[in-house]
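Listed here are the chains, written in short residue letters.
There are 2 protein chains.
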Amino acid sequence: MLKKPRLFTAGPTPLHPEAIRAAAGPVPYHRTPEFEARFDRVQTGLRAAFRTQGPVAVLTTSGTGAMEAALASLFAFDDRVVVVAGGKFGARWGEIGTAYGLDVVEMTIEPGQPVTPAEVATLVERSAPVRGLFLTASETSTGTIYDVRAIADAVRDVEPGIVTVVDAITSVGALPIATDDWGLDAVVGGAQKAFMVPPGLAFVACSPRGWELVGNESATPRYYLDLRKYAASAKKSQTPFTPGIGLLLALEAALDAIDEVGGIGVLEDNADRLATACRAAAAALDLELLSAAPSPAVTAIKAPVPGTGPEIVAAMLDRHGAQLSAGQGELKPHIFRIGHIGYVDDLDLLGVLGALEGVLADRGHAVTAGAGVAAAAASLAAARAQEGSSG
Amino acid sequence: MLKKPRLFTAGPTPLHPEAIRAAAGPVPYHRTPEFEARFDRVQTGLRAAFRTQGPVAVLTTSGTGAMEAALASLFAFDDRVVVVAGGKFGARWGEIGTAYGLDVVEMTIEPGQPVTPAEVATLVERSAPVRGLFLTASETSTGTIYDVRAIADAVRDVEPGIVTVVDAITSVGALPIATDDWGLDAVVGGAQKAFMVPPGLAFVACSPRGWELVGNESATPRYYLDLRKYAASAKKSQTPFTPGIGLLLALEAALDAIDEVGGIGVLEDNADRLATACRAAAAALDLELLSAAPSPAVTAIKAPVPGTGPEIVAAMLDRHGAQLSAGQGELKPHIFRIGHIGYVDDLDLLGVLGALEGVLADRGHAVTAGAGVAAAAASLAAARAQEGSSG
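Line order of the protein sequences matches chains G and X. To get my numbering, take the position in the first sequence, counting from 1, and add 936. To get my numbering, take the position in the second sequence, counting from 1, and add 936.
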């Protein structure tokens, strides 16, 4: 039998065909007016995606490189910062901060559990003076969203000058992130998520105040990851170092494709629609979500029998060519995750759910065959009706 | 929302990624030893697909061009031939025959109905002397298979020297076609079907006797479509005219991919598995098949309300980006067709069925949501179990 390799992970995600085509073409030299026009077009698309007026730094790194660039460009040795860590990626802020000698106060949240803005504000108040706050908009390891807008607002009530930095790597394009309006001093994104582009590029957007802070003198050692260089180059429609040119052309094509379907909001709605349908299917199949505040980017589902998550992931890959994500760290044995950001559509979701039903049934999980697919289809139909009536 | 464009037609079919990659590369010059080695590799793959020892003519034409090449190379003005026409493509043999001045006796079968070998033999006997017999292994317009092996055998009992020509364009790779063993004098195929390659190449395989007959002098005017030229060139690992070189490289890549999954038999089993599952879904959804002898290449389903086939096809495309086929000719209003040859897998089928359920329900067709997907999944699971126990 044939099995098409399909990604249902939260990154890398399925590539947009136009991005593939662009990346497969010849690579032009980048110190030319033609490249600069294309870089400007990429800036326009990224500004829309991050809802910001300023430049968006385009780094040739993974998402972690851009996280580090934001931290190194905004903080210095001994700065006290609060890190809200809901999982592996939240904890990474703490790891990078420690590597740079920051005084990290980590707030560890039980995987999948929400945190109230008041709880974070209280911790910041108790830890005063605190210079920085590190958040994760969607924690990929647990499929959980945190209301970064409300948390940032509540924290500013107790520490008005605090510098807020958000990991939105899996969030941009999956849920609205308003860098400027929400006063987020730095927001980090990555090409391999909702942007439908291969890994290798990462982004940092800053609020006007964020860019001001970046411009201040600081003793933190940095060079490749110095955001000042990226802002200065962006003014000249350039990058400070040779960028992943092919990836940038792929990103340009993907941003065109996003505009063609109606903009970043359509992409966010698409992820939300698919996530809602995926949760409806999970409920219909008597499956429990890990998260009390599930993310539109990725749905984390508890294995019906604890400890069997990796076996479900393996069976989906082996039998159907469908690559889901297992859990990470301590969660690894107990959950599996279905990503639905970027270039994913109804047929993808209905197909993977149809396959999942069979894999679970074979493992003794009693479900009515077709119930998950039917629930997802009904959810998608309801979203279509809503869109039709509001559009 | 995002909608990926997906082909569920019986041709063109979804392309294999390796075929796309090969076709997207630079085109080499073809009168070189390197090209000849690649052409030989293509010949090896095509011989396996057509189950023949002789050369397989590779024409740069659509399938119809290869049908005409077979007819023009084997028949002459005034030859009496019997054409078994179960639909649009069967009837095409009669049209080409008439264009070449053959004396065509057409046996028109009600769409979707089978024909017995005895019925064809009786017609040949009554029409004696008959020089040729034209068959269609799978009639794409109605989704019906005809047992060409049994028909050819029965006809040879009454007309031993008859020249048998088979349109297997949608059949090769979807059901076994044994050119040599079944004594088929010419068998026609096309790249854009189970071969997972873009349209533009077509094939003619001949039994040893077929090639002998092709070599005979004949007054039929032909040049580009003269199979003698293709056989002579194939001996030198070449084509007589500049071929679609990019398509040939795509075909080479696709044939490698077919070998990698285990050969043409695996591709045939895959189509059969998906067709069986598709029929199970139709039954569970109270949908009637058009055909009494349904094809593994394409399933023709009657619209629940006569006359609404094109609306179902339009809704699937508009809502989900899934391109099904409508009917053709008189059948156009009343059926829709789902292709499942070539690069199609379980998730494709489960997804398109999940979407179809919703489209039908919205049109007032009462079905249990999920029932079609569940029936297809159960059918695929049964096939997997069988394969496991026999493999």
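A couple of the hints might just be wrong.
Since copy identity is lost for identical chains, a pair holds within one copy or between any two.
When the alpha-carbon atoms are kept at most 20 Å apart in a straight line, the in silico SDA-like pairs for lysine to any residue are as follows [claimed, not checked]:
no.: 1; residue 1: K940; residue 2: V1202
no.: 2; residue 1: K1171; residue 2: P1269
no.: 3; residue 1: K939; residue 2: V1197
no.: 4; residue 1: K940; residue 2: L951
no.: 5; residue 1: K939; residue 2: V1202
no.: 6; residue 1: K1024; residue 2: R987
no.: 7; residue 1: K939; residue 2: A1319
no.: 8; residue 1: K939; residue 2: Q1322
no.: 9; residue 1: K1238; residue 2: A1219
no.: 10; residue 1: K940; residue 2: A1193
no.: 11; residue 1: K1238; residue 2: L1149
no.: 12; residue 1: K939; residue 2: T1044
no.: 13; residue 1: K939; residue 2: M1043
no.: 14; residue 1: K1238; residue 2: R974
no.: 15; residue 1: K939; residue 2: L951
no.: 16; residue 1: K1171; residue 2: T1212
Think of the hints as simulated: they come from the structure by calculation, not from any bench. All of these numbers come straight from a predicted model, not from anything done at the bench.
Now the hints, each set against the structure:
1. K940 / V1202: between (27 Å within a copy, 14 Å between copies)
2. K1171 / P1269: This pair counts as neither: shortest intra-copy Cα distance 48 Å, inter-copy 59 Å.
3. K939 / V1197: between (29 Å within a copy, 10 Å between copies)
4. K940 / L951: both (14 Å within a copy, 11 Å between copies)
5. K939 / V1202: Cα proximity of K939 and V1202: across copies only (12 Å, versus 30 Å in one copy).
6. K1024 / R987: neither (26 Å within a copy, 56 Å between copies)
7. K939 / A1319: between (30 Å within a copy, 14 Å between copies)
8. K939 / Q1322: between (35 Å within a copy, 18 Å between copies)
9. K1238 / A1219: Close inside one copy (12 Å), not across copies (34 Å); limit 20 Å.
10. K940 / A1193: Answer is between; shortest inter-copy Cα gap is 12 Å, intra-copy 24 Å.
11. K1238 / L1149: neither (42 Å within a copy, 67 Å between copies)
12. K939 / T1044: Answer is neither: 41 Å inside a copy and 39 Å across each miss the 20 Å cutoff.
13. K939 / M1043: neither (43 Å within a copy, 40 Å between copies)
14. K1238 / R974: neither (44 Å within a copy, 50 Å between copies)
15. K939 / L951: Both: 18 Å inside a copy, 14 Å across copies.
16. K1171 / T1212: neither (40 Å within a copy, 60 Å between copies)
Checked against the numbered hints given earlier, the structure breaks hints 2, 6, 11, 12, 13, 14 and 16 and satisfies all the rest.
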